[in-house]
Amino acid sequence: MADVASTRPAILIEGLTKRYGSGGAAVDALKGVDMTVWPGEVVGLIGPSGSGKTTLLKCLGAVIEPTAGRFTLGGEMIFDGGWKTGDLRALRRDRIGFVFQAPYLIPFLDATDNVALLPMLAGVPNPQARATALEMLTALDVQHRAQARIAELSGGEQQRVAIARALANKPPIILADEPTAPLDSERALTVVKILNRLAQEFQTAIIVVTHDEKIIPTFKRIYHIRDGKTYEEAGEGRAI
Amino acid sequence: MINLARRDIAHHLKSYLLTGLGLGLLIGVTLTMAGVYRGMVDDAKVLLRAVDADVWVVQQDTLGPFAEPSSVPDDLYRALLGLPGVTQAGNVAYLTMQVSHAGKSQRVMVAGFEPGKPGGPAFLVAGRPIARAHYEAVADAKTGLRVGDVVRIRRNDYTVVGLTRRMVSSNGDPMLFIPLKDAQEAQFLKDNDAIVEDRQRLAANPAINRPGQPGVLDAVQAIQTSSHKVNAVLLRLQPGVDARAVAGTIARWQRFTAYTRDDMEEILVAKLIATAAKQIGLFLLILAVVSAAIVAFIIYTMTLGKIKEIAVLKLIGTRNRTIAAMIMQEALGLGVIGFFVGKFAATLWAPAFPKYVLLETGDAARAFVLTLVVCALASVLAIRAALKIDPAEAIGG
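Those sequence lines, one after another, are chains A and B.
Per our numbering, the very first residue in the first sequence carries number 86; after that it's consecutive.
Per our numbering, the very first residue in the second sequence carries number 6; after that it's consecutive.
Looking at chain A on its own, in the form it has when it is part of the complex (with noise of 0.2 Å):
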């Protein structure tokens, strides 16, 4: 449920589609999908192989432009056609973090690094860069592991370093494609946990992408996405 403050949501989409291809062999990945995320809002979004559930996050990514559709991110349309490929490289540097299934981290670049890249990215100086990335590691609980290479972090250190990566440009949304898919049921719904207090921390809209069955009673609001569309099951009492 949106946060008594806002008043407009992070993410808004309407009808939105996107077709691969052309003419006969033309696909729908998505037809029509609906779905609205508040600041601070952890949103599952549910649906088996093929239904769309990947496009959809690459729509909300920016990396790919859907076929028609709004979408709006904290009231800002994009996709409307002044968007330039700078322009949204920026707005994924900014504006939306990402939290893979794998955590995908550089394994060249040690965790306060991997964090720092972002910021850096954005043209914060190194310093206050790597202060940001320890502060974000600090409020993930990994904050020990700083100065660690990538290879030597357990899977649950590198998933949690992967969201403060995600969390360093304190972007208004988070993307999380199966966070929790390697991780066993402890982990998992500590990752969950972490995800729902750096929400209500951060005024972050997350949205999780998942499959795994321990994770999902712990959303307040979840997406079943199936054949390109959504449907969104409210569910009070679903709190942790």
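Don't take each hint at face value.
[What the hints assert, rightly or not] Heads up, incomplete: computed chain A residues facing chain B, CB under 10 Å, no partners named:
{"no.": "1", "residue": "L97"}
{"no.": "2", "residue": "V128"}
{"no.": "3", "residue": "K143"}
{"no.": "4", "residue": "G167"}
{"no.": "5", "residue": "G171"}
{"no.": "6", "residue": "R174"}
{"no.": "7", "residue": "I191"}
{"no.": "8", "residue": "D195"}
{"no.": "9", "residue": "A201"}
{"no.": "10", "residue": "L202"}
{"no.": "11", "residue": "A251"}
{"no.": "12", "residue": "F287"}
{"no.": "13", "residue": "I307"}
{"no.": "14", "residue": "E317"}
Rather than coming from a laboratory, the hints here were simulated on the basis of the structure.
Remember, it's a predicted structure, so these values are computed and weren't measured experimentally.
Backbone N, C-alpha and C fix where the C-beta goes; we use that ideal spot for every residue, glycine too.
Dock chain B against chain A, hints included.
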């Protein structure tokens, strides 16, 4: 901003250094080939520099003793000394042959000269100059001979009395200086059986062995077993005298051909080693292309190994130029490592080559620039591949 290339290199330091080492050995071979060419040119010029002659007088319409057989009378020098501006004239005879020492045979260029006249070794690094009229020698240090060693040339033994250095023929064979008369004898000396056979043949010839005229046969036999020919006459001129004008005067006699030192250099470099130079040039070109292909392949493979990381970097907003710079810097880094390894390797193994390998600083500087250019160009393929990576690949596998 973090230097991504430096971090990536540090992360894969061992494999990166090994790759640089491999590339370096290839660059070392390339540098060595260039050194072999430079060595050939230097070998061709070193003798000319050492004898310090201003004009070479050789047989008419020949290119001189190093390129073609040349034979001129050994008393020609007297006439040449009479030319205005000529201060010294010396006969020389050159013959490439196998000589033996301590049971081992080796190829040398024997140079016959007249002590005190042009054609001898420019300097000695050990021992003394040739002082006796016969059977003394000055050897290039590359022969491995030492002062006091005895070397056999044809049927005679020569004592090495002095050593010189960097005195080699245009083929790179070390030189062995001996008195001119000995060289002339060695050049024309036949074995005993051949001499006996020739004498018998002449004695059986009624036109030569006439009754009542025994002196004719003796005279003919004496002519056949001695030589009054040399390969060239070297002239030194007074300071300020135009060598080309003197050479022109000699050429106008129409009996001999005369070359200035520049002409001889041109003959040696442009004619004698031209084919070898082309051969080496082509080999160098192939090596450069192979090196470029290997660098391109290495950088391309390194980049393909980072597809997911590059996709993530692009997804989180890294500029294309930052990614391109990372790949370019890694390629240039390989080039720098490769160059210094190659230079070190070439310097290390060059003395082991039987022929002189001259590694010039200018060549090294050019090779360094070329290596960086090749690496930069080779990285273009990888950069193109990296820039084509779709950031969407980071999402959903």
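| Satisfaction of the A/D195 interface hint, Cβ to chain B closer than 10 Å | Since the shortest Cβ distance to chain B is 9 Å, the answer is holds.
| query | Does the nearest C-beta of chain B fall within a distance shorter than 10 Å of the C-beta of A/E317? | reply | Since the shortest Cβ distance to chain B is 22 Å, the answer is violated.
| message | Next item in the hint list is A/I191. Is there a CB on chain B closer than 10 Å to its CB? | response | holds (5 Å)
| message | The hint names A/L202 as touching chain B; please verify it with the least Cβ-Cβ distance against 10 Å. | response | With Cβ-Cβ at 6 Å, under 10 Å, it holds.
| query | Minimum Cβ distance from A/L97 to chain B below 10 Å? | reply | Hint on A/L97: violated, closest Cβ of chain B at ~21 Å, above 10 Å.
| said: Does the closest beta carbon of chain B sit nearer than 10 Å to the beta carbon of A/F287? | reply: With Cβ-Cβ at 17 Å, over 10 Å, it is violated.
| Does the nearest C-beta of chain B fall within a distance shorter than 10 Å of the C-beta of A/A251? | holds (9 Å)
| Does the CB of A/G167 sit less than 10 Å away from some CB of chain B? | Since chain B brings no Cβ nearer than about 19 Å to A/G167, farther than 10 Å, the hint is violated.
| query | Should the hint that A/R174 touches chain B count as held when the rule is a Cβ pair under 10 Å? | reply | OK, holds: A/R174 within 10 Å of chain B, min 5 Å.
| Are A/I307 and chain B close enough, Cβ to Cβ, to be under 10 Å, as the hint says? | violated (19 Å)
| said: Hint validation: A/G171 versus chain B, beta carbon distance must be below 10 Å. Holds or violated? | reply: This hint holds: A/G171 lies near chain B, its Cβ roughly 8 Å from the closest one there, short of 10 Å.
| message | The hint names A/A201 as touching chain B; please verify it with the least Cβ-Cβ distance against 10 Å. | response | With a closest approach of 8 Å, the A/A201 hint holds.
Hints 1, 2, 4, 12, 13, 14 from the list above are not met by this structure, while the remaining hints are.
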